[in-house]
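Position in the sequence shown (first residue = 1) + 640 = the numbering used here.
No wet-lab data here; the hints were simulated from the structure. There's no promise every hint is true.
Straight-line alpha carbon distances no greater than 27 Å define the calculated BS3-like cross-link-like pairs of lysine-lysine that follow [to be verified]:
{"hint": "1", "residue 1": "LYS792", "residue 2": "LYS728"}
{"hint": "2", "residue 1": "LYS792", "residue 2": "LYS749"}
{"hint": "3", "residue 1": "LYS728", "residue 2": "LYS771"}
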Amino acid sequence: MIKNVYIIFSKLKSIACENVFMFSIFFIGIFTCNIMFTYFYGNIMAAYEKDSSAVYDIYNTNNVMSDINKISELPYTDRIFYNSLVDKESLKDNNADIYNIDEFLSSYKNSKIYFLTTKNDMNDIVIKSGKSSSLEEENTVILPRGLLKTGKDFSNIKINGITFKVVGITASTEFIVSNDTFIKNNMIPTYISVFNIPGLSEKQKNEFVNKTQEILDDTFTISENPSPAGSSEIISILIISVIVYLLSVVSLLYIMKYLFEQSAYELSIYEITGATKGNVIFILSSVQFVILLIIGIIAQIFHYVFYDAIFTEINIYLFSYSFADYFWSSLITVSSLMLLIILYINIKMKNTAIINSRKFVS
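My request is simple: use the sequences and hints to build the entire structure.
Now the structure itself:
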C-alpha cells in the first residue's frame, strides 16, 4: 500500500513537472468542466424551482395604503415579496463622493426602482456583501449593486426622505429592507409578488386567485407573472453550456491518451515485474482522481469568489449557491469524469504489458 502511494505521488509530480504545457491544457479542461457543470447545475435547479411555482403579481392600482398582512393569509403561498416605489429624485440628496447617483439613475432612466421586503427567510435574497440579519436593526437597508462607489465604506443614505443605515449590497436591483422597517415607515406596496407552492393544480390556482380577490378591494389587480426567462432562452443557454462541457470532456480524453502513452513504458515495467493489471489500473485511476479533486476544489473556490462579479451577470435567474449545491455539482462532475477515465484506462489496458510497451515506446 505504501509503495502504491509513493508511485501515485511520483506520477503526480511527473505529470505536473515533465510537460508543463500538456498539464496546463489538462488543467484547463478539467477546470472548464467543473465551472460549466456548476453553472448548468445551479441554473437548471433554479429553472426547475421557478417553472414548478406559479408566480402572481398583485398591483396596487391606485397606490393606496393597505394592510400587507392580509396577503399572508392567502392559501398555497410559498414566498411573498412586497415592493414599494422609490422616488428617484430623493436619491439626489445624498453625497456624490460616496454614491454613484448620476450613473445609477441614468441606468434606470426608463424603469422604476423599488424597496423590497419579505416576511419569509431573507436568505431568498442574494446578498453580495454584508448580512441579511443586519436588517433586524430599525431603518437599515441593503443597497442595489452599482450605487455605492468602489472602495467606499457603508454609510447612511436618504431615500424618500427617510435616513437609512447601509448594512450591505445586494446582487439585485432593489433596496432591501426588513418587513418591520417597511411597515413602520408606512411604505405603500406598489405591487406584491406571490410564489405559490410548487405543483399546484389549475383548480388550486383558481382558488388562490378567487381568495385574493375576496380579501383585497378593487384597487388591486392580480395577474400571473410569466417566467422571467423564456423557455427557448433557457434551453439555448443550457445547450451551450452542455456543448462546452462535452467539448471539454472530449479534449480531456485526448489528453488522457497522451498521458497514458507517456506512462506506457513505465507501467509495462510494473506489470512485467509482477504488478497485477488491477493494481496498475488502481494507480492510474488514483492519479487522475487526485488531479480531478484538486482542480475541482480550485474551480469551486473560483466560482464562489467570483460569483458576484461574473456569474450573477450570466445566470438565467438571480439565485445563490449553497454549500450543498457546490458539493453535489463537484461530486457529479468528478464522478462522471472518473467513470470516463476508468473506462478509457480499461480499454487501453486490454493489451498486454509487452504490447503496450512496444506500441507506445518503440
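Checked hints:
no.: 1; hint: LYS792 / LYS728; in the structure: 22 Å, holds
no.: 2; hint: LYS792 / LYS749; in the structure: 24 Å, holds
no.: 3; hint: LYS728 / LYS771; in the structure: 25 Å, holds
In this structure, none of the earlier numbered hints is contradicted; all agree with it.
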